[in-house]
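From first to last, the protein sequence lines stand for chains A and B.
For the first sequence, the residue numbers in the numbering used here are 53 to 368.
For the second sequence, the residue numbers in the numbering used here are 287 to 1043.
Worth double-checking, as some hints may not be accurate.
[Unchecked claim] Residues of chain B placed beyond 12 Å of chain A at every Cβ, according to the derived structure:
#1 Pro340
#2 Met369
#3 Tyr424
#4 Asp738
#5 Ile744
#6 Gly907
#7 Ile927
#8 Glu954
#9 Asp961
#10 Leu962
#11 Leu967
#12 Pro1024
[Said to hold, decoys possible] What the simulated footprint calls covered on chain B by chain A, stretch by stretch (three residues with Cβ under 8 Å from a Cβ of chain A suffice, anywhere in the stretch; the number is not a length):
#13 442-448
#14 662-673
Read the hints as simulated data drawn from the structure, not as lab findings.
Yeah, the Cβ is synthetic: ideal placement off N, Cα and C, and Gly gets one too.
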Amino acid sequence: MTLTVATSLAETLRLLADGARPIAGGTDLVVAARSGKAPLPQHLVAIDRLDELIGWVEVDGGIRIGAATSHQKLLVSDIVADRYTGLADAAALIGSPATRHLGTIGGNIMNASPAMDTGAPLVTLNAEIELESVDGRRRVPVADLWVAPGRTVAAANELCTGVVLPDPLAHWPEGARHGSAYIRLEYRRAMEIAVVGAAASVTVDPNDQVLGVSVALSAVGPTIMALTDCDLAGFPATHDPSGTNNPSAADEVRTLAQEQATPISDLRASDRYRRHCVGVLAARAFEAAVARAHGDPLSIPANRSHGVGAETGATQ
Amino acid sequence: MTFLRADGPDKVSGSGRYTADLSFTGMAHAKFRYAEVSRGVIRSIDTSAARAMPGVYAVITAEDLDARFPTPIADRNLFAHQMVRFEGEVLAAVAAVDPETAEAAAAAIEVDIEPLTPVVDLAGAATAEPIHAEWRSYDAPEGIIRDGNVAAFSAVTKGDVEAGIQAAHLVVTSRYVADASHAVPIEPRAVVAQWEGDKVTVWTSSQVPFDARNGLATVLGMPTNRVRVVVPHLGGGFGGKCGFHFEAHVAALARAAQRPVKLVFSRWEEFIAPDRRREGMIIEITTGVSTDGEITARRATVTLDNGAYSADAEFFAQLAAMHLAGPYKLPAVDVKAELVYTNHQPSGSVRAPTAPQACWALESHTDELAAAVSIDPVEFRRRNLVGQGDEGPVGQIYEHIAPSECLERAVTAAELACVDNPLDSDEALGVAVGWWPSFAVPAGAFMKMSDDGRVQVITGAQECGTGSVMTLRNMAAEVLGIASDEVELIYQDTAVAPVGPGATGSQTLLNHGWAVENAARVIADQLKELAAIELEAAAADIVLASGAASVRGTPSVSVPIAQLAATAAEGRLLLASGSAPEREYPTVNASNCVGDAGMGSWLAPQFSCHVARVQLDRDTGVCRVRAVYAAHDSGRIINPIGAHGQVEGGIVMGVGQALTEGTQYDQEGRQRNPDLLHYKLTTAADAPRIHTEFVEIDTPNAGPRGSKGLAEAPNVATAGAISNALARLIGASVRQLPMTAERVWEQIQAHNQEVGQ
């Protein structure tokens, strides 16, 4: 077995062309090897020290995040927290402090677990994934990237080099406001994996009418699932119990999520329970996204304000 | 008195050495081959390919070491022979040049097992096809009945239960099921064995070094004085490292390999292989209550899942029976407990064995009783808790005890907190009371003071993380009038220490505390005699304090203890030994198949009350324990920091047992979640705020300075308190432990359907 510590992207791409596999934080690769799930590849190229893959830059009103940027770096980034808050929610929930400091967004995306945390918010934020090889560079909409658990459309010699997030308000009229959130069902508040999860990205007009909604679900199908037929334009974003807007936009999101989810039963939950809960979480993610569009300073992760076991007041 | 832990800096800085850290010249590495089938007939085990591999030093099976574990019911072979009865059964052991070679060789052993249908349904296990067809031939204590798959039984019978039920105003029957769970010490176990001639030294992560030594001596046919067991720092045990486990496998491998051998378990092995897990239970309780809320009679049955072999669980039927009777005044009671073989992993000691599950069931049932007669659950307990002079379920008349004070103190603390922070609509309080025995057993200590006045205490006590052994240092220092850091502990080495039961039964202070204090008194008396000569006073008037001996009332007339020690070093040396006093157990009126160790040991029982503040997310069933208010009667508290730590640890463990910690089995009897992602421990982020009060009363038959045990008691009542808070929020009890989010949600659905919502 060989491990090459890459000094440039070009060197990395050459080694990948020769059959090596990339390693950044190793939080999936090493754990899978230790547990006997999948042996380490014969030839590894370490990309965790490539500065060109770490950090973010503003491009065309949006941002490009380097693939080897750690979850912790995303979590403490003002621009991610302000404009792509759903992604910050996800980064804050992943594994443990150790996992968040070592694990990278590119690794999380390319590991392609249906229970991944960053996937659902990236789908709702219309992210595009940069794939690069010695043959060139291409961009793939993130929703088209995953084909099955652990499998993507990337060729063996392609490296995920970055994630491009567009300006969420680019195509909306002036005065529109945007918010996003990711909430997962968890049985404990650390060292956890999503039982199910839901992300929402919501744009509202100055009258609090919904302009656009995007919702995606985790751990209820073989890949992250974008909700279809989620056309709630014109709905009041905020539910008025005394008004006539029944069912509310959040109710619609809940129903759509429960109808479209295709969960399985496993150690963590039954399909019946998952289907129910993913609707609850989708509605809460929608509500949290709306609150953020209104400028409410919800905590990150939103799990602590709209999630299960949310903090409500202090206990002596 | 400060209680800085002597082992703290080692453990915190990483300078401490655990068993897995040890290495010796020429050392080989061990790996086991497991059955991975829950029930089957061994057709053949072919080790020839493994033996032929380069770097393999030895491969051993039952052919090389044909011996049984010397457990009370001798039902298990060290290496499986003819039959396998659970997935973690050891078939063979390999010693090789490195762990990878050992693993490859273990995998290269060709095993042919004809699988049989395993017995995995606890409800029908007693009368299922016998798991030990030949078990009449096993050595076992007198009284074992050997009836079908029932390994042991206990019956507590007092008064006329039929009449009591007939006379009751209301009768409530409840059924509860508890899943099995695990001790999960953070250090997976490790063993290193090294032979020198006909002597063997074994370093092992054990809670019970003398049990390990005796097991080694029996199995290897050696006298105990040629077997030395040393326990380096232990990375947690929680009962799971009680018993003689894999020491002889490794010692036999080292003998065959003719070199030192080290075994280090993976987390998977730590889950599936030990003969220790918290047993599953099926519990049915029927209780009659009078119009004024007094219990008239109780009938209960409990079936305990023994697993494939008996380990130390043979008296668990007794403990479970006591916990289903509970600390209540019962004019008539009839509890029947059966420990039943299945093809699951063997059950055995895990912190307060049987109590968290049985107490959870009984305390949930108690709230159901209170609701049936429309009495507040706290008031219901006030009317029924035992007190001084009352008779317990097996006839013991209680001396000074404080269960009622525990109830009042914990409830008051919780209610006061609710004045400042009222309960939200998704929150409720739940109350549970618990009890636990005090195990009085023989214990001894040696002590020596050298010419500089420094002391070594040589104790047979075992530190498993509770800090109680560390407290022994301070107790010796207090008697001798010196600083605690002038006392060093020599412990966890069977070659030098007097025999002791190890870290079991919350009994370290109760027994070893006496022994250390008594040894220290011998040296203190000798110092006083020397000081009397030096100071020209009567020995009876000498006081030892602050490193000096002085005449009572005249502290200025003094001599340093170090000077007295130097004088003694020229003549009669300062050497001592001490023992725990023999204590009388209460008489027991019960029918047990094996002795009454689980019932007679209630000579100075510990009591507790926990009140849990629980928040429920009704849409998902996920709940969070926000706070626990605990009050404990564990006698006088000697080490307050350690005592608070024990209660906090017990409660956090109890939260896990209540909500997330459960072992899931497939239909083949294999564990489905033997890893730390799917077996969910409570994390620090989930820990509730904990408020602890100690009800310090004088207890007859207590340990030194009026102390009782405290390691297991805090792990008894938490799940019951959480259950009762949840039942208030849902309107019905969740009847399966752990009360997972999905089970809670299902109960919410069922209850809402029932009441037509």
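Going through the hints against the structure:
| no. | hint | result |
| --- | --- | --- |
| 1 | Pro340 | 20 Å, holds |
| 2 | Met369 | 28 Å, holds |
| 3 | Tyr424 | 36 Å, holds |
| 4 | Asp738 | 46 Å, holds |
| 5 | Ile744 | 41 Å, holds |
| 6 | Gly907 | 8 Å, violated |
| 7 | Ile927 | 22 Å, holds |
| 8 | Glu954 | 15 Å, holds |
| 9 | Asp961 | 7 Å, violated |
| 10 | Leu962 | 8 Å, violated |
| 11 | Leu967 | 8 Å, violated |
| 12 | Pro1024 | 10 Å, violated |
| 13 | 442-448 | violated (count 0) |
| 14 | 662-673 | violated (count 0) |
Hints 6, 9, 10, 11, 12, 13, 14 from the earlier list are contradicted by this structure; the remaining hints agree with it.
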